[in-house]
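Participant: Model the full structure from these sequences, guided by the hints.
Residue numbers (my numbering), protein chains in the order written: chain A, 3 to 207; chain B, 3 to 207.
Some hints could be false.
Some but not every residue of chain B turned toward chain A, in silico, with C-beta under 7 Å [what the hints assert, rightly or not]:
hint : residue
1    : Leu14
2    : Ala23
3    : Pro26
4    : Leu115
5    : Thr119
6    : Ala150
7    : Leu155
8    : Phe163
9    : Val166
10   : Pro168
11   : Asp172
Please keep in mind that the hints were generated in silico from the structure rather than gathered at the bench. Glycine included, C-beta positions come from ideal geometry on N, C-alpha and C.
Number of protein chains: 2
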Amino acid sequence: MTTRERILQASLALFNAEGVANVPFNRIATELGMSQGNLHYHFKRKEEIVDWLWRRFERESEPILAGPAAPLASTDDLWLFLHLGFEKIHDYRFIYRDIDSLFATFPLLGTRLRALTAQSVATLRRLCEELVAAGCMNANDDDIEVLAMQMMLTATCWFSFARVLPESEDTGPGRAAYQVLSLLAPYLANDERVYIEYLRRKYID
Amino acid sequence: MTTRERILQASLALFNAEGVANVPFNRIATELGMSQGNLHYHFKRKEEIVDWLWRRFERESEPILAGPAAPLASTDDLWLFLHLGFEKIHDYRFIYRDIDSLFATFPLLGTRLRALTAQSVATLRRLCEELVAAGCMNANDDDIEVLAMQMMLTATCWFSFARVLPESEDTGPGRAAYQVLSLLAPYLANDERVYIEYLRRKYID
Numbered sequence: 003m004t005t006r007e008r009i010l011q012a013s014l015a016l017f018n019a020e021g022v023a024n025v026p027f028n029r030i031a032t033e034l035g036m037s038q039g040n041l042h043y044h045f046k047r048k049e050e051i052v053d054w055l056w057r058r059f060e061r062e063s064e065p066i067l068a069g070p071a072a073p074l075a076s077t078d079d080l081w082l083f084l085h086l087g088f089e090k091i092h093d094y095r096f097i098y099r100d101i102d103s104l105f106a107t108f109p110l111l112g113t114r115l116r117a118l119t120a121q122s123v124a125t126l127r128r129l130c131e132e133l134v135a136a137g138c139m140n141a142n143d144d145d146i147e148v149l150a151m152q153m154m155l156t157a158t159c160w161f162s163f164a165r166v167l168p169e170s171e172d173t174g175p176g177r178a179a180y181q182v183l184s185l186l187a188p189y190l191a192n193d194e195r196v197y198i199e200y201l202r203r204k205y206i207d
Numbered sequence: 003m004t005t006r007e008r009i010l011q012a013s014l015a016l017f018n019a020e021g022v023a024n025v026p027f028n029r030i031a032t033e034l035g036m037s038q039g040n041l042h043y044h045f046k047r048k049e050e051i052v053d054w055l056w057r058r059f060e061r062e063s064e065p066i067l068a069g070p071a072a073p074l075a076s077t078d079d080l081w082l083f084l085h086l087g088f089e090k091i092h093d094y095r096f097i098y099r100d101i102d103s104l105f106a107t108f109p110l111l112g113t114r115l116r117a118l119t120a121q122s123v124a125t126l127r128r129l130c131e132e133l134v135a136a137g138c139m140n141a142n143d144d145d146i147e148v149l150a151m152q153m154m155l156t157a158t159c160w161f162s163f164a165r166v167l168p169e170s171e172d173t174g175p176g177r178a179a180y181q182v183l184s185l186l187a188p189y190l191a192n193d194e195r196v197y198i199e200y201l202r203r204k205y206i207d
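Facilitator: As structure tokens, then:
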């Protein structure tokens with residue numbers, strides 16, 4: 003792994019764990035047992051690292067966001083999409099955990115994050131419509147609008163919400179996935195509901 | 003209104019709009035057309051103001067959190083509870099909009115906010131159980147657990163989530179209330195569902 007890549011990965015881990023605003027630039031060098039000079043040779047400022055990580059998140063999200071090529075034929079297909087999305091957001095959870103400080107430092111980020119969210123909600127809405135067309139789900143346009151928005155809210159805010167939950171609660175990505183699946187359950191056809199019940203047990207038992 | 007109270011209210015408005023970390027202490031005096039000396043006479047530091055506002059939020063939340071004295075007899079009763087809770091969180095939304103920076107400055111806040119969240123989720127769970135007992139709702143313990151958690155997630159994270167939604171979206175407390183009511187809809191008895199449909203139309207039309 004290149005030094006540059008080592009710096010990016012250590013920064014990502016620190017930002018995710020403590021929030022960008024709480025990690026001083028020099029701390030990243032300390033964490034890697036690297037001289038400050040070496041760190042500064044690769045990146046001039048902390049903001050430059052954040053920018054690199056954000057662009058990487060955006061690029062890696064693109065293929066997930068486009069959604070599956072073929073129309074969904076079962077809840078299992080939606081599940082795969084949600085799982086990939088949750089993992090990606092969890093990998094880069096620093097982005098959603100401290101939006102204020104990030105937006106204040108990078109004004110352009112606001113516009114791009116809003117575009118990404120709109121695209122995600124549109125994809126979620128389309129996938130729900132495909133499930134209705136495939137006879138797996140029984141939901142009208144209003145239901146789908148609420149479900150898509152609620153899935154997106156859970157995906158982006160769960161790891162922030164986890165910080166105000168009692169520390170004894172399981173708050174990992176699995177629990178978040180269980181929450182999202184449970185939102186769908188009442189709208190699913192009977193066969194599909196049995197599958198979701200099976201899946202969600204995997205996540206909380 | 004006393005000078006002290008004017009400072010508290012102006013600070014609350016600024017913190018809600020821009021986030022605590024983005025409002026320098028002296029900005030509060032400027033906003034009020036007050037000398038820095040006068041501001042400093044009443045509060046030594048910004049943190050002192052945050053502490054006062056947080057305690058006020060905690061105190062004002064207590065009677066709401068306890069829930070209605072009599073067991074719920076209709077969805078309308080739950081609605082009133084949710085409405086009061088959403089309004090209170092909206093009034094003090096700076097608390098949930100930048101949790102990282104707040105926790106870093108006030109380590110004790112974390113413990114108290116987690117206790118408040120646990121108490122809220124427990125009350126939401128109890129109110130759902132009362133609706134089931136009253137025959138208004140059809141949901142098992144797993145459903146209720148998911149609903150209570152999802153209502154709390156929406157209540158505390160909606161106004162942060164709003165910042166990553168397209169600016170054309172309506173993201174006020176009414177829309178949040180509509181989201182929460184919609185989560186309940188599939189679990190309600192027919193009569194109650196008609197009432198919720200009526201209520202939710204009020205919020206989006």
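Participant: Next step is simple, just say for each hint if it's right about the structure.
Facilitator: We went through each hint and held it up to the structure:
1. Leu14: The hint is violated - B/Leu14 has no Cβ within 7 Å of chain A, the shortest such distance being about 16 Å.
2. Ala23: 6 Å, holds
3. Pro26: Constraint on B/Pro26 not satisfied, violated at 12 Å.
4. Leu115: 5 Å, holds
5. Thr119: 5 Å, holds
6. Ala150: 11 Å, violated
7. Leu155: Cβ of B/Leu155 sits 5 Å from chain A, so the hint holds.
8. Phe163: For B/Phe163, the interface hint holds, since the closest Cβ of chain A sits about 5 Å away, which is under 7 Å.
9. Val166: Given a least distance of 5 Å, the restraint on B/Val166 holds.
10. Pro168: Since the shortest Cβ distance to chain A is 5 Å, the answer is holds.
11. Asp172: 11 Å, violated
In summary, the structure is inconsistent with hints 1, 3, 6 and 11 from the numbered list given earlier, while agreeing with the others.
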